[in-house]
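K.L.:
Spelled out, the chains give:
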Amino acid sequence: MAIAVKLDDLLHDRRMTLTELADRIGMTLANLSILKTGKARAIRFSTLDAICEALSCQPGDLLRFEEEREP
Amino acid sequence: MSKPAPPSAALPIAHALLRILIILNWAMVPVILALLFLLPNEQWILKAFGLFPSPDAARLVMGMRAIAALGLVGVPLNFVVLKRLLAIVDTVRAGDPFVSANATRLQTIAWVLLTLQLLSIVIGAIAKSISTPAHPLHLDAGFSINGWLAVLLTFLLARVFAEGALMRDDLAGMV
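As you go down the protein sequences, you meet chains H and P in turn.
If you're matching positions, the first sequence starts at 1 in the working numbering and goes up one per residue.
If you're matching positions, the second sequence starts at 1001 in the working numbering and goes up one per residue.
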């Protein structure tokens, strides 16, 4: 997918683990892992809202469009 | 987020009922085979209808045998319907009915119901042809508007389940 999820970078910058984030926003670790590894097919606004609030970031900091290269 | 539906007694009852119907359906095979081949059914049928050997009586016996043979064809068809219904009930019990397998099952059920309706028309036609004013034969077979509506409804349900399964797949990847 051309949309890259930069959750790993954000967590690293804030010295926060995925488990801590999951606890803070009330999401399961499994679902958050799906998002982190780029396997999610869609994201709810409520999830985006909770992550942005917990990490003090903008949606654009979390998601980025990256051109897909032809193999 | 909507709450999951509370457990209902309907599903275990449906499961048990379908299992009983599957057994009863197969139990019909030896009964029909016995009627066709083992019992001295010609004399038995003549006696039951109060008939004496005649061309009309022979036609009646022949017709009844044809209906019994068609009934035998109906047994595996009924099994296909019951077995798939049971599988669908089990997926509902497991809490995940909107899967593409259920759409396929409903599609199969719809085609089998259509075949059973056609079979019913043939049986109804045979019954009508062997029925005489002196010995009327009333069989619950033939064209049934309810039966054809059930066929249509099942095809529609199959489509609904196919769409539901696609939506479920989409939802599975949502966080």
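If you are wondering where the hints come from, they were derived from the structure by calculation, not from laboratory data.
Even for Gly, the Cβ is constructed at its ideal location relative to N, Cα and C.
One or more of the hints may lead you astray.
Said to hold, decoys possible - Quick list of simulated restraints, FRET-style, between CB atoms:
{"no.": "1", "chain 1": "P", "residue 1": "Leu-1153", "chain 2": "H", "residue 2": "Gly-38", "range": "39 to 45 Å"}
{"no.": "2", "chain 1": "H", "residue 1": "Arg-15", "chain 2": "P", "residue 2": "Ser-1008", "range": "48 to 54 Å"}
{"no.": "3", "chain 1": "P", "residue 1": "Arg-1093", "chain 2": "H", "residue 2": "Glu-68", "range": "41 to 47 Å"}
{"no.": "4", "chain 1": "P", "residue 1": "Asp-1170", "chain 2": "H", "residue 2": "Glu-68", "range": "55 to 61 Å"}
{"no.": "5", "chain 1": "P", "residue 1": "Arg-1093", "chain 2": "H", "residue 2": "Gln-58", "range": "41 to 47 Å"}
{"no.": "6", "chain 1": "P", "residue 1": "Leu-1171", "chain 2": "H", "residue 2": "Gln-58", "range": "53 to 59 Å"}
To be verified - Which residues of chain P face chain H? A partial, calculated answer using Cβ under 8 Å:
{"no.": "7", "residue": "Leu-1070"}
{"no.": "8", "residue": "Leu-1072"}
{"no.": "9", "residue": "Pro-1076"}
{"no.": "10", "residue": "Asp-1170"}
Stated by the list, open to error - Just a sample of chain H residues kept apart from chain P, beta carbon distances all over 10 Å, derived:
{"no.": "11", "residue": "Glu-20"}
{"no.": "12", "residue": "Asp-49"}
{"no.": "13", "residue": "Glu-68"}
K.L.:
It remains to establish, for every hint, whether it holds in the given structure.
P.N.:
Here is what the structure says about each hint:
1. P/Leu-1153 to H/Gly-38: 39 to 45 Å: Holds, at about 42 Å.
2. H/Arg-15 to P/Ser-1008: 48 to 54 Å: 49 Å, holds
3. P/Arg-1093 to H/Glu-68: 41 to 47 Å: 42 Å, holds
4. P/Asp-1170 to H/Glu-68: 55 to 61 Å: Given a distance of about 21 Å, which is not inside 55 to 61 Å, the answer is violated.
5. P/Arg-1093 to H/Gln-58: 41 to 47 Å: Taking Cβ atoms as reference, P/Arg-1093 and H/Gln-58 lie about 45 Å apart, which means the hint holds.
6. P/Leu-1171 to H/Gln-58: 53 to 59 Å: 26 Å, violated
7. Leu-1070: 50 Å, violated
8. Leu-1072: P/Leu-1072 check fails; min Cβ-Cβ to chain H is 50 Å, beyond 8 Å.
9. Pro-1076: 41 Å, violated
10. Asp-1170: 7 Å, holds
11. Glu-20: 17 Å, holds
12. Asp-49: H/Asp-49 clear of chain P: closest Cβ-Cβ about 13 Å, beyond 10 Å.
13. Glu-68: 18 Å, holds
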